[in-house]
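Could you put the whole structure together from the sequences, leaning on the hints where they help?
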Amino acid sequence: MAGGARDPILCFIHVPRTAGTVVRSLVRDNRPGGLARPIPNVFKGAGGRDADALMELHDRAREIDLDGVGAVHGHYPLGIRSLLEPAFPDHDFRYLTMLRDPVDRSLSHFFYVREARHHDAQPAEGLRPLPAGVSFEGAIVAGYLHDNVETRMLSGDPEPFGEVDDAMLERAKRNVRDTMALVGITERLDESLVLAKQRLGLRSLLVDISQRVNAARPRGPQVPPHLRDAAERYNRYDAELYRFALEQFDAVPERQGLDFHVELAALRTGRDGAGADAPAPMFEGNEHEWHLLVRHRAELLRLEAKQVERDRRRTAADAANSRSRLSAAVDSLRRSRLGQWVHG
Amino acid sequence: MARRRADEGMELDGAGGPVPLVFVDMPYCGGAALELGLPPSITGRRKGRDDAPPLPAVFVGGGGISEADLEELREATRTLTTKGQIKGLRMLRGSFPLTLANYLDRFAWKRTFRYFTVLRDPVDRVLAEYAAGPQIEGIGLEDAVRSGAVRDNLQTRMLSGSLEPFGAPSDDMLADAKRNLRERLTFFALAERIEEAVVLARDRLGLTAAAYHNELTLPAPPGRDELPPGARKLIRRRNRYDVDLYAHAQELFDAHPELSQLEFQSEAAALRASRGKRKIAVTTPMPESFEAGQEAWEMLVRARAECLRLEWELEGVGPTPALVEAVDA
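Chains A and B, in that order, are what the protein sequence lines are. Using my numbering, the first residue of the first sequence is number 111, and each one after it goes up by one. Using my numbering, the first residue of the second sequence is number 192, and each one after it goes up by one.
If you are wondering where the hints come from, they were derived from the structure by calculation, not from laboratory data. The structure displayed is predicted, hence computed values, not measured ones. Warning: the hint list may mix true and false statements.
Chain B regions said to be covered by chain A (calculated; three or more residues, Cβ under 8 angstroms) [unchecked claim]:
no.: 1; region: 361–371
no.: 2; region: 490–499
Pairwise CB distance ranges, derived in the manner of DEER restraints [stated by the list, open to error]:
no.: 3; chain 1: B; residue 1: 413; chain 2: A; residue 2: 397; range: 42 to 52 angstroms
no.: 4; chain 1: A; residue 1: 433; chain 2: B; residue 2: 480; range: 31 to 41 angstroms
no.: 5; chain 1: B; residue 1: 454; chain 2: A; residue 2: 173; range: 55 to 65 angstroms
The calculated BS3-like cross-link candidates involving lysine-lysine, where the alpha carbons are at most 25 angstroms apart (straight line), are [to be verified]:
no.: 6; chain 1: B; residue 1: 424; chain 2: B; residue 2: 369
no.: 7; chain 1: A; residue 1: 416; chain 2: A; residue 2: 307
no.: 8; chain 1: B; residue 1: 468; chain 2: A; residue 2: 307
no.: 9; chain 1: B; residue 1: 468; chain 2: A; residue 2: 416
no.: 10; chain 1: A; residue 1: 307; chain 2: A; residue 2: 283
no.: 11; chain 1: B; residue 1: 470; chain 2: A; residue 2: 307
no.: 12; chain 1: B; residue 1: 470; chain 2: A; residue 2: 416
Where a beta carbon is used, it is the ideal one built from N, C-alpha and C, also for glycine.
Next comes the structure, spelled out in structure tokens:
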């Protein structure tokens, strides 16, 4: 960049089962001026934790190739900042995450882990196979699930695997308030996406929000009470952290501005094709003016998504061409050497 | 009722072909700027396509026009049928007078032509012609105007529809030009209000939406700011029919009902804001009727302007260098 200043690198702390895949897509496809690079998962979506990944990060953080990278993402704890930042003193990092109601999140994680054998995701190495019909507690004891995983991941501890206590919760709260550039809320995904765009300079918000929804699992009243009780019992710190994060989310200054509400209405209109909601409270014009404004912004979102998609295809095509040229060059070299050998 | 062919951005006439447009492009009136606002599928700016048949540009060079020029134009219209070009004709553009309509009327049984033009403040037009005209090199502005080296009342002449638009202009010629503005032309633009004109043109000429050209602009003619009052007075006096015609055109333009509609106002403001490659800046004042306030107005115009930029970028339609250079010609 001109003047030597670099754009900050976005670090997406992807807490499992928080609709983070949507945000990950958004960050990966949208980050202007840079590639998005996955960092090995420390917390495994399919269960357990990967001690090797953490060890690797610990020992070889400097070897992560951040050249041209605009964003990194993965199921790693915020604590990796203590590894990344010293390893890359010339870079600025901005951290974002999504939090979800901890009972819903952990139940979602539980069902996902229990059915992991039906999909491609692999649990951490060394875990014994879960018995069929394992209980929530059983999955915790077996090391597939962690209690209070949101608190753990946001505490700032690079190895947040011990007991969760009040001090860890306070550190997580402080990070939510002071360290994170954005803490989105899964249940309020649209608002979170708008904030992500406004704070982080993303280009497009129109992403597929239907990704990775496990439609088959029990929800709401279908969830057996004992299961819900267990999820609550094992996530007390997360419940407090989530309540705190909601307060912070409701208090973001962007809500005072008209732009936030217009973008939110445009996102819903652009994605669902529905008419705009009622005008925002601070909008002083009439409904016609509001609808025209929202319509233009929705159209802008659609065009931005088209631009992002075009750029993504171009990048993929360029990469394919590069591979093809490289392959042709290698073949040519081989043939010429073979020819020299045969005729020589 | 005319049908619409979406991919071409224009309506179809009764014969199933696109409704042909005839652009009476009066010299130094900013025709290139207006054309840049029209869909490339019509103007031939789309890559590898330039299917508008050439007609002689009658009003070029110095010294006005003659009967021979008009005869040449009439002959040229005959070739439209012999070459079969009338069938797929999208747009005829040239520095020909509206007299052309008399020649094209013989095709009226199978094609419905729509005529349009751009008018410009007569003083600006004269200054632009004086600055660019090769025939007046070494002659002072006032001498060029007095001698007729810079053509007088060109707009009145060209829009009068007269079969003899040369010689001394007359009140009848002016009356005919005014009537043609009201009745014969489907649409006319004012060079000084090119963004509004381009937005209006989309509707009046039956064009579907397509990316606007983001280089759409009409620079002020050289020397306008330093023009001595005496010279201005002289130009206006020598072009009094054009001054009158232009005032009439302004009145008609202001009477377009679209001008009071928010969609139109914001579209024209966005087009202005999106021009060029500079950072988008909302320069159009908020309409008095807009209730939501300045912040919302800027937000509205900026959103639409960003859409226009993106549409332009995503369509990947580039101008031909010649057209960009010809913006003030």
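Taking the hints in turn, this is what the structure says about them:
no. : hint                                : verdict
1   : 361–371                             : violated (count 0)
2   : 490–499                             : holds (count 6)
3   : B:413 <-> A:397: 42 to 52 angstroms : holds, 48 angstroms
4   : A:433 <-> B:480: 31 to 41 angstroms : violated, 58 angstroms
5   : B:454 <-> A:173: 55 to 65 angstroms : holds, 56 angstroms
6   : B:424 <-> B:369                     : holds, 23 angstroms
7   : A:416 <-> A:307                     : holds, 16 angstroms
8   : B:468 <-> A:307                     : holds, 23 angstroms
9   : B:468 <-> A:416                     : holds, 20 angstroms
10  : A:307 <-> A:283                     : holds, 23 angstroms
11  : B:470 <-> A:307                     : holds, 19 angstroms
12  : B:470 <-> A:416                     : holds, 21 angstroms
Violated hints for the displayed structure, listed by number in ascending order: 1 and 4.
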